[in-house]
Amino acid sequence: MSARGARLGLRTAALGYLFLLLAAPVGLIFFRTFEHGLGPAWEAVTTPEAQHAFYLTFVMIAIAVPLNTVFGVTCALMLVRSRMPGKALVNALIDMPFAVSPVVIGLALVLVYGNDGWFGGWLTERGIQVIFSVPGMILATIFVSLPFVVREVVPVLREIGTEQEQAASTLGASGWQTFRRVTLPSIRWGLTYGIVLATARSLGEFGAISVVSGKLSGQTETATLFVEQRFHQFDLTGAYAASMVLAVMALTTLLAMNFLNRRRTH
Amino acid sequence: MRFRAPRLSGTALGGGIAMAYLSLIVLIPLAAVVDKSLEDGFDTFWAAVTNEQALAALKLSLVASGIVAAINAVTGTLIAWVLVRDDFRGKGVVNSLIDLPFALPTIVAGLTLLALYGPRGPVGIDVAYTKVAVILALLFVTLPFVVRAVQPVLMELDEEMEEAAASLGAGNLTIFRRVILPNLTPAILAGVALAFARSVGEFGSLVLITGNLPFDTEVASVFIFGQIESDRVIGAAAVSVVLLAVSLVVLLGISVASRPGARHER
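In the order they appear, the protein sequences are chains A and B. Take the first sequence: its letter number 54 is residue 54 in my numbering, and every next letter is one higher. Take the second sequence: its letter number 208 is residue 208 in my numbering, and every next letter is one higher.
Next comes chain A alone, as it looks inside the complex:
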């Protein structure tokens, strides 16, 4: 009897905590967005400025995620399959982006790629502007989303072992054929999961981008920066509406993660 009571008490405590911290605030955003009807919210996210911000966010994802995917798979193969010296060091360094504050990431990029930065002179001579411009924002997005694919692919590669790859190469398959026909199909779910995580992280990046972008409205403003800018302009409808679009994307990501998690474990 008391065991059941305890169970119920714990359940109530856990769900209550989750409700107050997660569900209620996020639910309220949906309510606030449509408080004055669909019209104002729709208008707020379809202004040229808002459209450009979302477009820019997609550009970030479209460049950073594929690059990190190729890097991630290459790096994972290197970490698991090769015997390169310095592997342990690389393994430790890969996680750095998880542990570094986004603002520090932004500062770090400015110090290297900014006008007064290490490579600034060289870049300026060639007329390439990285900081306060889109390339810098892409670098920031790559930085923050870098570890995800590696971290998801490494354990899968370890688990599948090398037998099938060996068989393929014994039968005369080239390295690339072995990779495409044998390795890639076996890592596909882990790889996809890593890609989903990297996409979510890129979509939401704020701190590093706010340092390197210069926040030029309509030029270097991504969706997350647009939310902040609308808030500071006292346009709460705009801020809520853009937030809601981002929240819907986050929920879609959750669904994808859920689906992939089931795939991965079967």
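If you are wondering where the hints come from, they were derived from the structure by calculation, not from laboratory data. Only a predicted model underlies this, so the values are computations on that prediction, with no experimental measurement involved. Just so it is clear, CB atoms sit at the ideal spot from N, CA and C, and this is done for glycine as well.
Under the rule of at most 35 Å between Cα atoms (straight-line distance), these lysine-lysine pairs were calculated in the DSBU-like manner:
(1) B/Lys59 to B/Lys131
(2) A/Lys215 to B/Lys131
(3) B/Lys91 to B/Lys131
(4) A/Lys215 to B/Lys59
Here are some chain B residues the structure puts well away from chain A; computed CB gaps all over 12 Å:
(5) Ala47
(6) Gly66
(7) Thr130
(8) Leu168
Assemble chain B onto chain A, guided by the hints.
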């Protein structure tokens, strides 16, 4: 005899490119931060770090992160327990919602919390621009860490041990304290460490809800951001180095702690 892994042609080349990529985007920029902080010598670095406003911001970040980590140890374990051992309708949905703070852009997280617990909130609780807001935002973004660390361990835990303890007359609390908790401790600590590392550098979820009041609600990352904006780059770099050092220590701690004993035979 033992076969070597088949050589994926170009692995060495790929490894070289991967290293260059990691260096250009992560390592060189982080080195530039350290270099910048020491540009005018150690005394300038020390003065920048021990400046009163910097110290207040660092202290707030560390103390708030410590509190948040401790709260997570309790609530995270509780939620994990309820998700594994309890059964109720909608458990699957709750389980996938746990990852929401990870998928949701941090600026949106801050805005949602401000909408509910800010000056215009519907429930009359207003914690905006106070230290409580710092804790609240950090609790939101760190929610998944302990839950996701403890859940798999709890799933594998043999319930027979608990039944044996119960048949010997142990109460619920004793079973939890003497049987369950010791098995979960490594996972809880790993999750807590990740939550702490994440909190120390957090930026996006804090900028809107804390008001960034120096000596009161200004955390380290917001302080760094302010220093960058006002062109005090050495000050920004110096405090960044302290944050980098803290996260490196935490990362090292996790990897050391997860190496011996913690890795059971599977």
